[in-house]
Amino acid sequence: MMRRVYRCLLWLHPAAFRRQFEEEMLWIFDEAADACGAAALFSDASVSLVRQWLLRSGLWMWVVAGIAGIIPLIIAFGRLAIRRLPKAFARREGQISFWIVDHSPTIAGNPELAESELLNMEFARCKYATTG
Amino acid sequence: MKEDFDKFLPLSPAALHILLALVSEDRHGYGIMQEVGRQSVNRYKLGPGTLYDNLEKLLNQGMVEEPTRRCLADDPRRRYYRLTGFGRRLLATEITRLEGVVRKARSHLRVRPEKG
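As they're listed, the protein sequences go chains Z and A.
If you're matching positions, the first sequence starts at 11 in my numbering and goes up one per residue.
If you're matching positions, the second sequence starts at 58 in my numbering and goes up one per residue.
The hints are simulated quantities; they were obtained by calculation from the structure and are not laboratory data.
These numbers come from a predicted model, not from an experiment.
Any given hint might turn out to be false.
Claimed, not checked - Across the chosen pairs, the derived CB separations fall in these ranges: (1) R146(A) / A78(Z): 38 to 44 Å; (2) Q96(A) / A49(Z): 23 to 29 Å; (3) G76(Z) / V168(A): 48 to 54 Å; (4) P124(A) / W70(Z): 43 to 49 Å; (5) W72(Z) / R160(A): 40 to 46 Å; (6) R17(Z) / D83(A): 23 to 29 Å.
We treat Cβ as the ideally placed atom computed from N, Cα and C, and that holds for glycine.
I would like the entire structure built from these sequences, with the hints used as guidance.
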């Protein structure tokens with residue numbers, strides 16, 4: 011059972027490394043599992059697995075390239091979000107104008123109510139402008 | 058022609074121990090692990106993953122080679138490794154460098170060298 015798990019760990023290594031050293035590493039496992047302890051051999055194989063994929067196979071270059079590619083995207087999206095704020099602000103201004111046009115009969119009929127409504131909207135606009 | 062060892066030095070602890078283990082004779086992987094343990098009085102333990110990662114590098118750099126002749130009675134899974142002339146000279150250069158480091162450290166710390 012232990013040998014199978016160890017073999018699986020070796021099987022996960024890059025093919026070139028596996029072809030060259032798999033049989034020998036299995037042989038060492040057979041010889042040394044009792045003396046060194048299977049846990050130590052498993053942890054060594056796990057570290058080796060990470061090292062072989064990340065450092066020796068050149069995968070680290072892809073990881074670095076991926077991170078280097080994502081950072082400008084995050085910055086670009088961040089800037090886009092900041093630019094959208096004034097647009098939202100302008101939309102709010104536009105809503106007030108539309109409200110005046112839509113409610114012009116009400117304004118004419120009940121100017122006090124219209125004034126209070128407009129004051130509420132202006133208060134909301136100022137609050138929006140200060141909080142951003 | 059003078060060999061340029063600068064790009065290989067300093068050696069990593071694992072590479073140094075592996076080369077030292079191969080100085081006296083050709084050894085297979087498990088033999089190297091045991092010899093490293095013996096030389097360091099079990100203070101430095103080398104696992105198969107670390108061993109073969111370093112052996113791969115040492116083979117590619119020409120410090121270690123695989124002898125073509127093998128004993129027929131041996132387990133076919135065993136592969137032997139041998140220190141090359143280049144590896145031996147590089148190891149000697151590294152030992153000289155380490156001696157300089159130890160000398161310097163001793164003079165700074167005012168530690169007397171052990172006799173024997």
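Going through the hints against the structure:
1. R146(A) / A78(Z): 38 to 44 Å: 41 Å, holds
2. Q96(A) / A49(Z): 23 to 29 Å: Given a distance of about 24 Å, which is inside 23 to 29 Å, the answer is holds.
3. G76(Z) / V168(A): 48 to 54 Å: 49 Å, holds
4. P124(A) / W70(Z): 43 to 49 Å: 34 Å, violated
5. W72(Z) / R160(A): 40 to 46 Å: 45 Å, holds
6. R17(Z) / D83(A): 23 to 29 Å: 27 Å, holds
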